[in-house]
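Line by line, the protein sequences give chains V and E.
Each residue of the first sequence is one higher than the one before, counting from 1 in my numbering.
Each residue of the second sequence is one higher than the one before, counting from 1 in my numbering.
If you're looking for bench data, these hints aren't it; they were derived computationally from the structure.
Fair warning: there could be bad hints in the mix.
[Unchecked claim] In the SDA-like style, the derived pairs of lysine to any residue whose C-alpha atoms are separated by at most 25 Å in a straight line are: (1) V:K75 to E:L301; (2) V:K37 to E:K269; (3) E:K300 to V:V33; (4) V:K37 to E:I324; (5) E:K231 to V:V12; (6) V:K97 to E:P303; (7) V:K37 to E:G295; (8) V:K51 to E:G293; (9) V:K51 to E:N298; (10) V:K51 to E:I270.
One-letter residues, chain by chain:
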Amino acid sequence: MMNSKENKRLIVLLLGLIAMFLGLILYLSYFTVFEAKTIVDHPANRRDSIKVAGIKRGAILDSKGNVLAETVGEKYNYTRHYTYPRAYSHVIGYASKTKGRSGLEATYNDALLGLNSGKTLKDLQAFFDSDIDTEVGDNMTLTTNSNIQEFVRETLIETDKKGAIVVMNPTTGAILAMASSPDFNAQNIDQDYNAIVEQNNGAFFNNAIQGGYAPGSVFKIVTAAAILESDVDQSYEDTGEEVILGRAIKNAGGEKYGDIDLNEAFTYSVNTYFANKAVAIGKDKFTEVAERFMMNKDIDFDLNLATSTFKSEGWDQHALGSAAIGQADILTTPLQMTLITNAIANQGKIMAPYLVERITSPEGATIQTHEPTVLSEAITPENAQKLAEMMENVVRQGSGRGAQIRRTAVAGKTGTAQTRQADGSYNAWFVGFAPVKDPKVSVAVILQDSEKFGGEVAAPIAADIMEFALGELN
Amino acid sequence: MLTRVFKSRKPRNLLLLFEILALFLLFLLNNQHIDRYIVILFFGLISVIYISNFILGKISSGDNYIFLIVSMLLTIGIVTIYRLNPDTGLRQLVWALVGILVFYITYFAMRGIRKIENWAPFYFVVALLLCLVTLLFGVERGGARNWIQITNDILFQPTEFTKLAVVFLMASYYAKYQYMISRPIAYKALLPLGAAYLLIGFLFIQKDLGTAAIFFCIFSGIQFIYEEDRKIILLNIGLMLLGALAGYFLFNHIRVRLDIWLNPWDPDKIYNSSAQIVQSLFAIAEGGFFGTGIGLGNPKLVPVGISDFIFPVICEEMGIFAGIGIIMLYLLLAYRAMKIAMAQPVLFYRILAIGMAILFAVQCFLNIGGVIKLIPMTGLTLPFVSYGGSSMLSSFIALGVLQVTSEDLSYKYEGYDEFKRK
Chain V
1 MMNSKENKRL
11 IVLLLGLIAM
21 FLGLILYLSY
31 FTVFEAKTIV
41 DHPANRRDSI
51 KVAGIKRGAI
61 LDSKGNVLAE
71 TVGEKYNYTR
81 HYTYPRAYSH
91 VIGYASKTKG
101 RSGLEATYND
111 ALLGLNSGKT
121 LKDLQAFFDS
131 DIDTEVGDNM
141 TLTTNSNIQE
151 FVRETLIETD
161 KKGAIVVMNP
171 TTGAILAMAS
181 SPDFNAQNID
191 QDYNAIVEQN
201 NGAFFNNAIQ
211 GGYAPGSVFK
221 IVTAAAILES
231 DVDQSYEDTG
241 EEVILGRAIK
251 NAGGEKYGDI
261 DLNEAFTYSV
271 NTYFANKAVA
281 IGKDKFTEVA
291 ERFMMNKDID
301 FDLNLATSTF
311 KSEGWDQHAL
321 GSAAIGQADI
331 LTTPLQMTLI
341 TNAIANQGKI
351 MAPYLVERIT
361 SPEGATIQTH
371 EPTVLSEAIT
381 PENAQKLAEM
391 MENVVRQGSG
401 RGAQIRRTAV
411 AGKTGTAQTR
421 QADGSYNAWF
431 VGFAPVKDPK
441 VSVAVILQDS
451 EKFGGEVAAP
461 IAADIMEFAL
471 GELN
Chain E
1 MLTRVFKSRK
11 PRNLLLLFEI
21 LALFLLFLLN
31 NQHIDRYIVI
41 LFFGLISVIY
51 ISNFILGKIS
61 SGDNYIFLIV
71 SMLLTIGIVT
81 IYRLNPDTGL
91 RQLVWALVGI
101 LVFYITYFAM
111 RGIRKIENWA
121 PFYFVVALLL
131 CLVTLLFGVE
141 RGGARNWIQI
151 TNDILFQPTE
161 FTKLAVVFLM
171 ASYYAKYQYM
181 ISRPIAYKAL
191 LPLGAAYLLI
201 GFLFIQKDLG
211 TAAIFFCIFS
221 GIQFIYEEDR
231 KIILLNIGLM
241 LLGALAGYFL
251 FNHIRVRLDI
261 WLNPWDPDKI
271 YNSSAQIVQS
281 LFAIAEGGFF
291 GTGIGLGNPK
301 LVPVGISDFI
311 FPVICEEMGI
321 FAGIGIIMLY
331 LLLAYRAMKI
341 AMAQPVLFYR
351 ILAIGMAILF
361 AVQCFLNIGG
371 VIKLIPMTGL
381 TLPFVSYGGS
391 SMLSSFIALG
401 VLQVTSEDLS
411 YKYEGYDEFK
421 RK
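This is chain E alone, in the form it adopts within the complex (with noise of 0.2 Å):
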């Protein structure tokens, strides 16, 4: 049975291979019986994951390899958070159903609507709105103003959902907008530049780095393929540098981060400011290149090791092969993504999925960089492995964005041509 999985040209049989191998382990870890909570999370995981790949396959004529690549991502994480805490890794798992039922909702909803390349404006007043929200009733965890407390136990972290709105506004801009500008402006191509600074602004103010740069990186990504006006991006990338030495000298927060990354071993810091990152180095040092093996480390010494620092503890028992070959997926991820936006003959649409790739691959970078000290924190989730319901919910919405771009969508356009450049 083991060679026909191996040999099985369907590799959703090696992602439950792995899965099963996993479990095994964590069942060897938590559990000397069986009780519920493995069994749950047995059955839930691996029939979440293995059914909506079938459905998938049967119901969209397009890209079937991102759910899968993400399905390992989602794997890795669950069984991870599992491990640190099974009561966490459990609602981890309903989050992971929740996204999976986004995920089907955005594709047929965008399949559904027409026309949604012409809402920029309504882009603009979703992204500068989420902003104002946090802004005003935003509450501070882990260093950042970014939630918004709903009740005592729900958090919703609104910038997660900006970084969406973000993309529709630069595609529909891009795509449609600007050619829709009836009165002759001067300088139109500063309007993305505007809209896009005045978000980065207010992410500043809350102390957001992470999606600060994520932002700047989707705009400038975008800016740099369709920007007409190349003296634009020169002063996109000027704007960059006075920023961030504004941003240096004025807030504090900038300046302890970037202190932080050079001198982590300081032995003021090491235990209280520093200590995460010296700790997440520590985890992945010990891994070495084979890990400990799941059960046998001590990921629990790191620091918030659920989400954002969730790399380092996979590097600890699973060795950095693992976390090669998860920044290997989120490589193929944003591969595919761009593989997508070539074969996307609605502009509008290939925009959005190279917004997507862009946003999956920073945001990557961003996470792992930040926990290897190749670069400083940022304080960014890892998409699809980190523990939570916002970040669980954005990247599934980016996901099933991304799976409707991949296919033809000709069907929404009698007038098709109109929307091809040139």
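Just chain V, same shape as in the assembly (with noise of 0.2 Å):
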């Protein structure tokens, strides 16, 4: 028999063996847990190619049910067809084999794979009949409306000029159309994306969403919000300047107002004005207000939304001043511009913005739809009453009579913030509502690089697009 010495090694191997085995379930574990996510993903793997290749992807409706997107021919070997590939470049995007996905086709990329769906009945009955294909994605309709969509996209291409349009209802949060420019053929993204990338204009990048911008004097909406919240004295007399610390703060072409109110101040955009008051404010009561308009706030929507920033901590009096009439450290999307139209638009509330309506499955059941929610209550109806007053004397008889319409009568706000690069070149800003008694229709219009003030320039074009907007809707 095995004497004990002999016993002991063999123990010892034993151990040895059990420890390499041990060695392969640990590492086969990590390897599942910490490691299989990010390799799943790596270009080498042709799977996914295979399996989408395989599946007829969903179509993509506008909110009349014009087709968008929809994808034609044979299994294994479909193409995807865009209705409007320019008009939709930023919002729908494209779904290429070889360039990836962006824009709702990527964000809704499941969905329209049908990938989210259960199948199980549709599953058993292909099991009988071969005829039935189970690989068909659902369909997508938006809240868009096609025909503004394509008269912004056109507005905004004729300025020749960078910039993004946003149109929404600013009582549900529904998109109506969004535009950004420069823009890009969907439809040809396999041939044109090298070069799209090579001159690296910002085609592929989506303005309306994911461009910060200095808001200008639009922020003295949030600014004039502040002060009617707080008991601060409304009365002023401006003398063109205003000094912070020693800097001081002027009059867009030096004007001089006198004794002015809170009304005058906003009609006719006075920077000393709102500069003063949010001193008197103070940093902390403008920051609860600017965040009740949801800056600094992730806001969850369709495409990737960058968030809009008001960094006060630093801040001393001066840069109190300067984010009074939107400079300092703010930088607001045009989308979020829309967001903080919409909530003197709809009675202080906030609505949450979404482009996607529902989703269908291939035989018209529906499996999900956005119910309309409110984001954020930023200011109190009386409050929003007031402010929509203003702006629309804005409109009436102040800085933004470039986007008066015939027989409606508009609320708006213009703004030119200065950038970084040369004087004499402004982000020229307009937002707006109407009809001011029953807003249907918010808009924003920014455009880049402009010689000329927000008045000038994009209140008229914001003027247009309502106006064309609200026929359509009617």
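The task is to assemble the complex, starting from two chains supplied on their own in separate frames and drawing on the hints.
See below:
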């Protein structure tokens, strides 16, 4: 029989073998828990593309049921067809075998491939009837109106400027149109992709949701809301400049307005007034109000929306005064400025913005619908009413007269933000809504590197768009 | 009925359940109607495995679990290969059948033939001849020159059997031969060392690193337990390090293997030299813990998925839980073999059992460790699971040997005491 030395060595050997096996099991578990997720996304893994090639991607429709994107062709040889390849280039984006996906094609990829909806019943039917193809994605209906979308896109491209336009329904948060300039042709993405990357002028960049702009005077809506909420004295004597900490904040064009109140200061966009009052309100209150307008907040949206920032931590009083007129460390997206406008149009409530109205199965059953939800109660209905009247004055007799349209009262605010580049080059803004009594459409327009003020270039564009949109919606 | 199967104390009923479920999924995948193939597979697989487990329980007084463990491995292998390619799956079923036959032949032959522990020089000559034959007539397949082409279709891998010869050689040397050397040789402990390194050298030339590693492990493991001159063990380790270094600088294919292991994601290599390991990792990663389900993955993307890379294929569709299950089965097999060794009174058979334990365990470790990138790839099959006749036959011979060693063999030895060591 075995002696004890032999026995001991045998057990050492066995333990060695067991350690080897445990090593395998531990490494395999480690790999699956920590490494597998990143490894499956490696481009050399063809599983995803094989699966996708066999699925008929769902169609995308606008709010009137017009087809915006659809998949045609034979199984494993499908092609994606876009009805408005340029107008919707940033909203819908593209789904390419070689260049990947962007826009809603990327965010709603799983739904469009039908990966979210249960298919048990259909699988069962397909088992008995081979004509049934279970690999068909879900369809998606957007909130947009393609006539408005095309009009907005044409109008923006005609300015020959970089910029963005957002058109929304302020009472629901539905996006009616959204355009960014420059854009690209989603249909030809496979051919054009490399050239667009090489040109590097931001054609893939959706300025409406990704562009961070100094808001300039349009931010006075927020400042005015903060003034209304706090009990600071609303009267002021304007001398053309307001000196804070030794540095002066001046009015545009060197104007002097004398004795004014909030309404006049807002109507004529008097910088000195707002700088003075912001200092009186104080940083904390101003920040609190700005955050109720969703500054510094991540907003859940169908596309990747950049967070608009109001970084007030390190501000001294001069920076606070600059912030009151939309300079300093404030960066907003055009969509964010539309949301701020919507708060005024919608009795103080900001509705969550959305682009996808509903998702339906190929058979027509509804899988998911969007219910309008309140994102933030920014201000009281009374203050919203007062601000709406002030914004109406802006368009009737103030800096936003260019935004007037026939037979309908428009409320709005102009902005002209200095950019860091050269003097005489501005970001021209206009935000507004109409009709004032029963708002149906709100709009934000921004044109980059403009030689003219917001009231001169952005307001007339906004007027055209609101007039067209109201006509479309009636 | 199902509860009866689950409650059954006989594990072979659970095995039957697994087979029925797996075959049902295969039926859904490949056939929308009942055809010849699936019927042959269904009845072939179930009867072969179920019946041989039953017969073995009747005839062998030894360990009845090792064959059951192998039955499970065999089932997983055949199901996976059939899923990849039904024709190959059926051929694997035939090989399994032949393997089981060889298992019984080995079993009865080992029981019948006496004094096989005296044949150390014979085992050495067999091992050497198999190596020489490969060296002279070998053709290269899959990066290693270790195949003999018999006809156009039939390839034969002699190294699969050399492994067994090495186990027998070491067992007979340490059990008997070292006491039979009449003339006193100064360093007789160098004899097995020299023999082992000669064979390993041949394998290096054939680029068959995996088998070389197995030889080394079998030799070192048995040496660790039975070599009385402990200095020789240190010499062995020293030689191994030296040999590994020399191999690294002498042979380009070793450097390539190492480089693939360290930088598989290099864009220059990802579609050629490291494609195997990268696709293997994708398959395992896609499967996750529970797998995609049989028929729902893309295991055909894994190169040589039926033989060397069958483990990632299994993991993709059955999950790493099945993968871990397979590792555990080999662990159990190695553990049973060691347990058999501890209970075996005859030294020669004891060493044989230890040798088979090391053989199965190391081969499993080198194969699975290679495909999950824990260690460099060595190009070995997974015993009983991978497709291949040579591998299947040699594995079943090893199992037959193990079955014999699990029994009381004292009837073979009238002068039994002379074989006891102290």
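Against the structure, the hints:
Under the criterion of a C-alpha separation no larger than 25 Å, the hint pairing K75 of chain V with L301 of chain E is consistent with the structure, at around 20 Å. With a CA separation close to 22 Å, the supplied pair K37 of chain V and K269 of chain E stays within the 25 Å bound. A C-alpha spacing of about 24 Å is found between K300 of chain E and V33 of chain V, which places the hinted pair at or below 25 Å, so the restraint holds. Among the hinted pairs, K37 of chain V with I324 of chain E is consistent with the structure: their alpha-carbon atoms are about 19 Å apart, no more than 25 Å.
Straight-line distance between C-alpha atoms of K231 of chain E and V12 of chain V comes to about 18 Å, which keeps the hinted pair within the 25 Å bound. Among the hinted pairs, K97 of chain V with P303 of chain E is consistent with the structure: their alpha-carbon atoms are about 24 Å apart, no more than 25 Å. Of the supplied pair hints, the one linking K37 of chain V and G295 of chain E holds, its CA atoms being roughly 22 Å apart against a limit of 25 Å. With a C-alpha separation of about 15 Å, the suggested pairing of K51 of chain V with G293 of chain E holds against the 25 Å cut-off.
Of the supplied pair hints, the one linking K51 of chain V and N298 of chain E holds, its CA atoms being roughly 9 Å apart against a limit of 25 Å. A C-alpha spacing of about 21 Å is found between K51 of chain V and I270 of chain E, which places the hinted pair at or below 25 Å, so the restraint holds.
Going through the hint list in order, the structure satisfies each hint without exception.
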